[in-house]
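Peer 1: As a plain string of letters, each chain reads:
Number of protein chains: 2
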Amino acid sequence: MTLAPYVGYLAAALGTICWIPQAWKAWRTRNTSGISLVSNMLFLTTVSLWLLYGLLVSDWPIIIANIFAVIAVLTIVAAKLKYK
Amino acid sequence: MTLAPYVGYLAAALGTICWIPQAWKAWRTRNTSGISLVSNMLFLTTVSLWLLYGLLVSDWPIIIANIFAVIAVLTIVAAKLKYK
Chain A
1 MTLAPYVGYL AAALGTICWI PQAWKAWRTR NTSGISLVSN MLFLTTVSLW
51 LLYGLLVSDW PIIIANIFAV IAVLTIVAAK LKYK
Chain B
1 MTLAPYVGYL AAALGTICWI PQAWKAWRTR NTSGISLVSN MLFLTTVSLW
51 LLYGLLVSDW PIIIANIFAV IAVLTIVAAK LKYK
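Chains as they are written, first to last, in this note's numbering: chain A, 1 to 84; chain B, 1 to 84.
Don't take each hint at face value.
Same chains, same label: a pair holds when it works inside one copy or across any pair of copies.
[Unchecked claim] Below 20 Å or equal to it, Euclidean Cα-Cα: the simulated SDA-like pairs (lysine to any residue) are:
#1 K80 / S33
#2 K80 / N31
#3 K82 / V38
#4 K84 / R30
#5 K80 / T45
#6 K80 / R30
#7 K82 / M41
#8 K80 / W27
#9 K84 / A23
#10 K84 / N31
#11 K84 / Y6
#12 K80 / A23
#13 K80 / G34
Hint data in this document are derived by calculation from the structure and do not stem from the laboratory.
This one's a predicted model, so the numbers in the text were calculated from it and none came from an experiment.
Between the sequences and the hints, there should be enough to build the whole structure, so can you do that?
Peer 2: Now the structure itself:
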């Protein structure tokens, strides 16, 4: 079971950064027509709830990871609303 | 602290279903030009790693949530590759 924590940390780290290319692409190209606003609003709610969860249980890795995720997804939602 | 588990369960449930509208939209409209393949491949890796993590630690909620997430994101990536 020594592998599990590393898999978990790698997943958490990737989950933190994976939406940066999407945010960058949306603002650079101003093409957001294929992006689902519903999905991204639901995902924004998801990562906001994870952030709240992290704050409630005082878990810093969850807090930090989801602060980054909230910022990235907010940036995508803002681009979608601006360039729809 | 009695609120925390409910916030966590709600976040987990939303995270499971939130990409279904994006997958549906991509296949229905065939418009995937605004979708970042890099972000979705990274996110597919992320949820696959969470699935592996769930299997390694035998955590059924993590396993089930990420099976659904892998299916939804695979569907988005497939649409992106087909209609790019």
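Peer 1: Taking the hints in turn, state whether each one holds.
Peer 2: The hints, checked one at a time:
Taking CA atoms no more than 20 Å apart as the test, K80 paired with S33 passes in both settings, with 8 Å inside one copy and 13 Å between copies. Proximity of K80 to N31 under the C-alpha cut-off of 20 Å is found in both arrangements, the shortest distances being 8 Å within a copy and 15 Å between copies. In this homomeric assembly, K82 and V38 come within 20 Å of each other (Cα to Cα) only inside a single copy, at 15 Å, whereas the closest approach across copies is 22 Å. For a Cα distance limit of 20 Å, the shortest separation of K84 from R30 qualifies both inside one copy, at 9 Å, and across copies, at 17 Å.
Taking the closest pair of Cα atoms, K80 and T45 come within 20 Å of each other only inside a single copy of the chain (16 Å); across copies the shortest separation is 24 Å, beyond that limit. Within a single copy, K80 and R30 get their C-alpha atoms as close as 8 Å, and across copies as close as 18 Å, so both meet the 20 Å cut-off. Taking CA atoms no more than 20 Å apart as the test, K82 paired with M41 passes inside one copy only; the shortest distance there is 14 Å, against 25 Å between copies. Proximity of K80 to W27 under the C-alpha cut-off of 20 Å is found in both arrangements, the shortest distances being 9 Å within a copy and 19 Å between copies.
Proximity of K84 to A23 under the C-alpha cut-off of 20 Å is found in both arrangements, the shortest distances being 14 Å within a copy and 18 Å between copies. Both within a single protomer and between protomers do K84 and N31 lie at most 20 Å apart by alpha-carbon distance, with minima of 8 Å and 14 Å respectively. Proximity of K84 and Y6 under a CA criterion of 20 Å is satisfied in neither setting, with 40 Å inside one chain copy and 34 Å between copies. Proximity of K80 to A23 under the C-alpha cut-off of 20 Å is found in both arrangements, the shortest distances being 10 Å within a copy and 17 Å between copies.
For the homomeric pair K80 and G34, the shortest alpha-carbon distances inside one copy (10 Å) and between copies (10 Å) are both at most 20 Å.
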